[in-house]
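> 181 is the number of the first residue of the sequence shown in the working numbering; add one for each residue after it.
Among the hints, a few may not be true.
Below, in silico cross-link-like pairs of lysine-lysine (DSSO-like), each with a Cα-Cα straight-line distance of 27 Å or less [unchecked claim]:
1. LYS183 - LYS439
2. LYS554 - LYS566
3. LYS565 - LYS231
4. LYS283 - LYS396
5. LYS183 - LYS554
6. LYS343 - LYS311
7. LYS283 - LYS189
8. LYS468 - LYS273
9. LYS311 - LYS260
10. LYS554 - LYS197
11. LYS311 - LYS273
12. LYS184 - LYS468
13. LYS528 - LYS559
14. LYS231 - LYS273
15. LYS528 - LYS468
16. LYS559 - LYS231
17. LYS343 - LYS322
18. LYS283 - LYS273
19. LYS183 - LYS197
20. LYS311 - LYS231
21. LYS183 - LYS559
22. LYS346 - LYS440
Derived CB-CB ranges, DEER-like [what the hints assert, rightly or not]:
23. GLN306 - GLU351: 25 to 33 Å
24. LYS183 - ASP332: 26 to 34 Å
25. LYS520 - MET546: 20 to 28 Å
Because the hints were derived from the structure by calculation, they are not lab data.
From a predicted model like this one, the values you see are computed outputs, not experimental measurements.
Glycine included, C-beta positions come from ideal geometry on N, C-alpha and C.
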Amino acid sequence: MTKKQMSSKERIIATIKHESTDHIPLCFDGVGHQSVEFVNRLYPDPFERAKFYLDLETDTAIRTGPPLFSETGFETRQWKENSPNEPYPLLVKEYITPKGSLKQIVRKHDYPFESVAIFNDHHVPQSRSVKYLIENEEDLEKLEYILTPPNDEELRPFRQWSKVAKKFCDENQIIFAGYLQGIGDPLLWMSGIEPLIMASVMNPDFLEHYIDIVAKWNRAILEILIDVGVDLVIRRGWYESTDFWAPDLFRQFLFDPLKKEIEIAHQAGVYFTYVMNSSAKPMLGIFKELGFDIYSNIDPMTAGMDLSEIKQEIGATITLYGGVNNFLVIENGTEEEVEKAVTEAIEKLSPGGGFILGTGDALDYMFVNPEVTKRNFYKMIEVWKKLR
């Protein structure tokens, strides 16, 4: 008996609920932290891009996000300087607040930007950051002026666009999603890895105060997303894995703020995607306690990611999203390797439902092997259609 065809939104929601679907979803964009850069270049308009994915019979979503900060609480200055003690030029950004200034200084070495954004993966290594934005308790009162959510006037364009986007999603029956930066990722962007881990041991009061400020700001952004009617929020947790935080430190510092976000979303009828790409094995029990809906960006080739074990431990209550490595398989692999990876992901993660096929991370982001990526993108779809 042929199953009734579902809309993309119906299929994703049924999958989240571990209900029967017409087939296994495949999603490259919108429900987690995945995207395909050659598709983004081909269809820069998100609505045209969504139609492209739907024409391929894959699932998709429209993603929205407000301005991260109000610009009323601080001013910025930025410049480049040279130091006799540094072999590379330095990029400096200063944030001027009523409580004083904060500076962020990075080496212009293997740094593909001419300006310093407050949030950037390139800031994390100590080899690149000469001075992190936040280093001590005195910095926190200044940070509060930066991590202030945008006001109504600043939100006006975002709300207007979100209204159009929600209408499009309703008409095309796809998910309308919002995006959250989270807590662990901003912490590492602003302070690096080693200083934070040292603070967790040597100065936990400082770290708790720091997290309180970031968490309050992140919840404010969540409320803004809920207000425009998103169906689902995608919440970053890349830098919250055991690559950076031992499980006991996660539980001590990050568990409660994340749990509160999930509760706020669920009280509003909004689904919650949590993103963590690697080293999640020690976290699976914590995931069950947190109770989010989708665990996204699962990559079988990263550390501590056994698909069968993940399915066994949390697959009965949490929807699993991913299963195929992006870099080695889709961007650099053979078609045979793509078929093998897709087949294994479906075999290990789909039994009993609660599985969305996808990649561990964005495709073609670094333009490493664009022709192979494009070929294998379509090969992944071909194999999925045979097995779904």
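> Check each numbered hint from earlier against the structure, then list the numbers of those it violates in ascending order.
1, 5, 6, 7, 8, 10, 12, 14, 17, 20, 23, 24
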